[in-house]
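If you want the building blocks of each chain, they are given just below.
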Amino acid sequence: MNPLVLWFHKLGSPPYFYRFAGRLLPWFWGAALAGLAIGLYGGLVLAPADYQQSDAFRIIYVHVPSAWMSLFIYAFMAVNGFIALVWRIKLSETLAMAAAPIGAAFTFICLATGSIWGKPMWGTWWTWDARLTSELVLLFLYLGVLGLHQAIEDRRQAARAAAFLALIGIVNLPIVHFSVNWWNTLHQGDTVKLFGPSLIDSRMLWPLLVMAVATKFLFAASLLSRARVDLLELESGKDWARQIALAEERA
Amino acid sequence: MSYGSTTSACRALLQRDLSLVWRQRGDALNPVLFAVMVVALFPFALGPEPTMLARIAAGTVLVALLLAGLLSLDALFRSDLEDGSLEQLVLSPHPLALLLACKIAVHWLTTALPLLLVAPLLGELLYLPQPVLPVLMVALVLSTPLLSLIGAVCVALTVGMRRSGMLLALLVLPLYVPVLIFAAGACNAAQQGLPVLAPLLWLGAGLALALVLAPLACAAALRISLS
Amino acid sequence: MSYGSTTSACRALLQRDLSLVWRQRGDALNPVLFAVMVVALFPFALGPEPTMLARIAAGTVLVALLLAGLLSLDALFRSDLEDGSLEQLVLSPHPLALLLACKIAVHWLTTALPLLLVAPLLGELLYLPQPVLPVLMVALVLSTPLLSLIGAVCVALTVGMRRSGMLLALLVLPLYVPVLIFAAGACNAAQQGLPVLAPLLWLGAGLALALVLAPLACAAALRISLS
Amino acid sequence: MSEFVSMGGYGGYVWSAIAIFLVTLALEAAAPLLKRRRVLRELRGRLRRARKSNEENT
Amino acid sequence: MNSPIPLEAPPLLEARGLAYLRNDEPIFGPLSFRLGAGEVVLMEGDNGSGKTTLLKVLSGLLQASTGTVLLNGEPLTLARLSHQVALLGHLLGIKGELSPLQNLRFAIGLGGLRSGITPHQALKSVGLEGYEDVALRQLSAGQKKRVALARLLLVPAALWLLDEPYANLDREGITLVNRLLELHAMRGGAALITSHGAYAYTSGTPRRLQLRGQEAAA
Amino acid sequence: MNSPIPLEAPPLLEARGLAYLRNDEPIFGPLSFRLGAGEVVLMEGDNGSGKTTLLKVLSGLLQASTGTVLLNGEPLTLARLSHQVALLGHLLGIKGELSPLQNLRFAIGLGGLRSGITPHQALKSVGLEGYEDVALRQLSAGQKKRVALARLLLVPAALWLLDEPYANLDREGITLVNRLLELHAMRGGAALITSHGAYAYTSGTPRRLQLRGQEAAA
Ligand code: HEM
Ligand SMILES: Nc1ncnc2c1ncn2[C@@H]1O[C@H](COP(=O)(O)OP(=O)(O)OP(=O)(O)O)[C@@H](O)[C@H]1O
Ligand SMILES: Nc1ncnc2c1ncn2[C@@H]1O[C@H](COP(=O)(O)OP(=O)(O)OP(=O)(O)O)[C@@H](O)[C@H]1O
Ligand SMILES: [Mg+2]
Ligand SMILES: [Mg+2]
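Residue numbers (the working numbering), protein chains in the order written: chain A, 1 to 251; chain B, 1 to 227; chain C, 1 to 227; chain D, 1 to 58; chain E, 1 to 218; chain F, 1 to 218.
Chain A with its partners taken away, still in its complex shape:
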């Protein structure tokens, strides 16, 4: 077999993944914290004030990365859920379910910082425009996935049911992203473009990109540590889990 395929196969085994993730974790946490520090410093101190919004625009450095993460994590969860449903891979079930609370946290941050930003900019905490609403629906979808996962006794069955729900809810993602194009709303259109020139000053742009990368690392770190614990719980009858418990007891 192809060595890469073989490695993926090995990664799918819980004890191997546990150790592998354990080795990666410190690096991910380090990268995440360093990125957050640099990004926030760049955004709050180095970037010049916006000519329209003055300093209020600095909320962008937490709002937009969180918004992106809320969508990214949902997609990640749905993809893993799909793998879990079709191929019944335990690691995918665990990863999908570990991603859900992190995604919910980022969605919450996006909503909270967005409405804080909305007060000075639009003069209201909340309007019923398409992007805001669909983001709220996204939060409910996350909560639904979490609730369903918690409500079922058998852990693997719970993961599969919740993954299924996550898949159904994926229709909401394009609505969140494209709603600003489909309906004219209060909310900002796309300002940062992957291809073609972005619409903002590069001194404002780079901290945003750093924050975007840092939140990715934060997600990865949190995901791995959650998945590790969940695997430990899921496999508590197995030998390797006992050995880890014993090792921790001695330490």
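Just to be clear, a hint being listed does not mean it is correct.
[Claimed, not checked] List of simulated lysine-lysine pairs, DSS-like, C-alpha gap at most 27 Å:
{"no.": "1", "chain 1": "A", "residue 1": "K10", "chain 2": "A", "residue 2": "K90"}
{"no.": "2", "chain 1": "E", "residue 1": "K144", "chain 2": "D", "residue 2": "K52"}
{"no.": "3", "chain 1": "E", "residue 1": "K144", "chain 2": "E", "residue 2": "K124"}
{"no.": "4", "chain 1": "A", "residue 1": "K238", "chain 2": "D", "residue 2": "K52"}
{"no.": "5", "chain 1": "A", "residue 1": "K10", "chain 2": "D", "residue 2": "K35"}
{"no.": "6", "chain 1": "A", "residue 1": "K216", "chain 2": "A", "residue 2": "K10"}
{"no.": "7", "chain 1": "F", "residue 1": "K124", "chain 2": "F", "residue 2": "K144"}
{"no.": "8", "chain 1": "A", "residue 1": "K216", "chain 2": "A", "residue 2": "K90"}
{"no.": "9", "chain 1": "D", "residue 1": "K35", "chain 2": "A", "residue 2": "K90"}
{"no.": "10", "chain 1": "A", "residue 1": "K238", "chain 2": "D", "residue 2": "K35"}
{"no.": "11", "chain 1": "D", "residue 1": "K52", "chain 2": "D", "residue 2": "K35"}
{"no.": "12", "chain 1": "A", "residue 1": "K10", "chain 2": "A", "residue 2": "K238"}
{"no.": "13", "chain 1": "D", "residue 1": "K35", "chain 2": "A", "residue 2": "K216"}
{"no.": "14", "chain 1": "E", "residue 1": "K124", "chain 2": "D", "residue 2": "K52"}
{"no.": "15", "chain 1": "A", "residue 1": "K238", "chain 2": "A", "residue 2": "K90"}
[As the list claims (entries may be wrong)] Some, not all, of what chain C presents toward chain E, calculated at C-beta under 10 Å:
{"no.": "16", "residue": "A12"}
{"no.": "17", "residue": "S19"}
{"no.": "18", "residue": "L89"}
{"no.": "19", "residue": "S227"}
I should point out that these hints are in silico values taken from the structure, not numbers from a laboratory. Where is the CB? At the ideal position from N, CA and C, for every residue including glycine.
Dock chains B, C, D, E and F with the ligands against chain A, hints included.
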């Protein structure tokens, strides 16, 4: 020795479910009563001014019917689960999605259809403007089956769970929001004298899609939650 | 050999029920989520104009909290009935009305109080005018315990019944209407700048009465439906 | 410095947004650590019980 | 009628012409019997012959259609229930979400505490040492039953009404129940238990109460 | 292994290394056995040893964690269920609001009809003549079970999976079940039944399948 065709399986299922509803026709009135009461609460809560009530009439009727439908969803598979009929359905070699489509159809006929019939009365309670009523009815005709289909998928996911009521609401409502938006959009357009076709067409498209996909999703979800 | 005082029985009951809620704190959020979703449906159903939403804000928040409270009522005695704890409560020689009052208090604390806490947020979602908010909050503080008390009597009557959900709603809603009228009356008066004291005093009087009578009625109803 | 804190009059908004971001993520990162302690405690309890029943059997 | 207490003292429990009707159909016929301190009585009858119903009437959960229940000579009514009676029914009255210790603490709060025993000791004597803080839903059916038995040890009730106490228990559990019953009788308590006959109380020869249709006798 | 069919023909039912895990704990261990036409196998095991779970896996309701189920040599999957299997579980799958006849008509619609028998005849042969049109909830538990047995007679399944078929039945009902099993075996059908041992299938010496923890053998 005949193994029976899929058509005859569907016919048997429809016949059984309809005669069950007929035996308990009192229960079938409950969603209607609930919707009437929710609508009746609004004049108390908002005061009895006709112009204001007329303004919110269509939306309130929509929300009331949606909530009534939501609360009746729980019963879709419950009795079949409790007496083991659901196991027999799942074990039958006929396509499960088709059998479930029959069950959903009966559910729609016996809960949503009565709600549709009282909708004009509910509108009247809130002084719904005459020209809006036909649009509201068309929107309801298109959206109630859609709601039943989407709801069935979520019920299938929570079947067999204790205390599933609230969880079901949490799962279902986010998925109901788009349907509500289009239905209400049509009514509001009618109220303002604007063209109403576009949102109704969207509803129709959604319904066509759900008619095909929802039974399949429902079957898959049911298999997951029965294992 | 100590037979235990009534105070210690109440303390034990409160402690147990609170730790049960704590163990399932996820479930405790459900009514809040439901209320948020019902309120969130209205802007979709009625369109997003702030002035119109502001006009109906107080009433809609009241109706949403009332419905959320209504749906959570079912759980008041269900788990105790299912595991036999309710029998043990009824068999205890301490005054049953007092024990039930403790249970109702916990129910209020864990479902209505979170609802009260999100009420300002719900109001904000519908652009509730600032001056109305305090009146709405006072009305809610007075009416939610009243609703819990009235509801508990009805739940006690339907306890142990299958498919009691809809029936419960039918029993409870007519009794909730007067409460709703006074609470909404106060809010509407506030919105129009009129004095709000009278309806709030009525609510207070109702609450005082219910605090005394409802636990007794609840105990009697429970004895009836357990036999 | 005070100019930095006041953020051109928007200080309250900006800093509360940053605070929400950091606090939520900190709680989110702490959750698996707490759960890890609980899971390990349960695992050790399981081990202890298994050991005890082994001793009783032998 | 071999009750070891003098006749002039009222018996712990006395039923006089007790009957219960449901929808005007008799569930069990008029029934009179006495139960003195130190006695254990085994009630037998087919499925649906009314054993559970009789226990509920005796505990005060249901009101007899005719006849009275006397406890220490005083009538038992819904308004006057007693600390003297402990019922263990088909449903155990314990919460799966809580630990055995929390469940027992609640039972003590509600029913009082017998002197000279603590929840920890009670759990130990039903063989649940080490399970004090495990959520009950993780225990097996037999272990749950043991928690309910520990409750009986703790509350200061003189009369135990046990509905099929042997169900769900393994051999060891059955001897445990018999040991508890013996101890209770020796301390001057009394017990009325039902069983499908398989694993009945065997120490000494317990009195039997036959419950079969209309013709029942002590 | 005394199967009366030639070895080259695939057996009606074959399990290969079948195991089922719940929360990663094995419910029953890897299990391999074959069931040929004309055989009746009695499955024995303690409470909670996984008998019901095994029947559900064999019928296709649950998916085995490891191993496969072969029906006439072809694997049984969720997507490919068969008319050949009829399951009678703890829950009978009949509606209390409908009459026996209505319930049987539904079962036929869903599962097909064996030739040479009508619902009326099936009800007659389980001893329910005259009850055709009574609502099922007015029947006793044993009579309900008989309706479920009539369903087995009607549908054209060669493999019967019966979970505690003797429960709730009186002596007469038990001999009825045994008679049905004999008839079914004679016609070339096969059956796998569970029982707590009290009233087992006694005609001939049925093969037994022990289900106890990991060490199970055909
Ligand atoms: C509660 C209120 C708000 C919510 C729920 C919200 C939600 C979102 C979401 C989901 C995105 C990501 C869209 C995507 O990448 O597909 C986003 C991006 C963004 N938001 Fe908000 N937002 C809110 C308020 C605001 C406010 C008040 C402003 C500024 C006036 C703002 C400015 C931006 C900007 C500049 C972007 C980046 C757009 C891009 O480059 O794609 N948001 N918001
Ligand atoms: N809540 C009820 N409503 C209506 N009938 C009931 C109810 N409870 C019991 N019965 C009926 O009363 C009769 C006696 O029931 P009871 O539970 O006392 O029997 P039992 O002797 O305890 O039986 P078992 O040995 O099965 O426990 C039965 O015929 C039963 O069907
Ligand atoms: N839905 C479920 N969720 C979790 N565990 C279950 C479920 N169903 C069964 N179990 C567990 O699986 C094990 C086997 O159960 P099963 O019902 O197969 O036993 P059984 O041999 O049929 O027992 P009985 O003789 O009591 O019918 C038991 O330990 C049971 O607790
Ligand atoms: Mg009984
Ligand atoms: Mg079984």
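Determine which of the earlier numbered hints do not hold for this structure and return their numbers in increasing order. none
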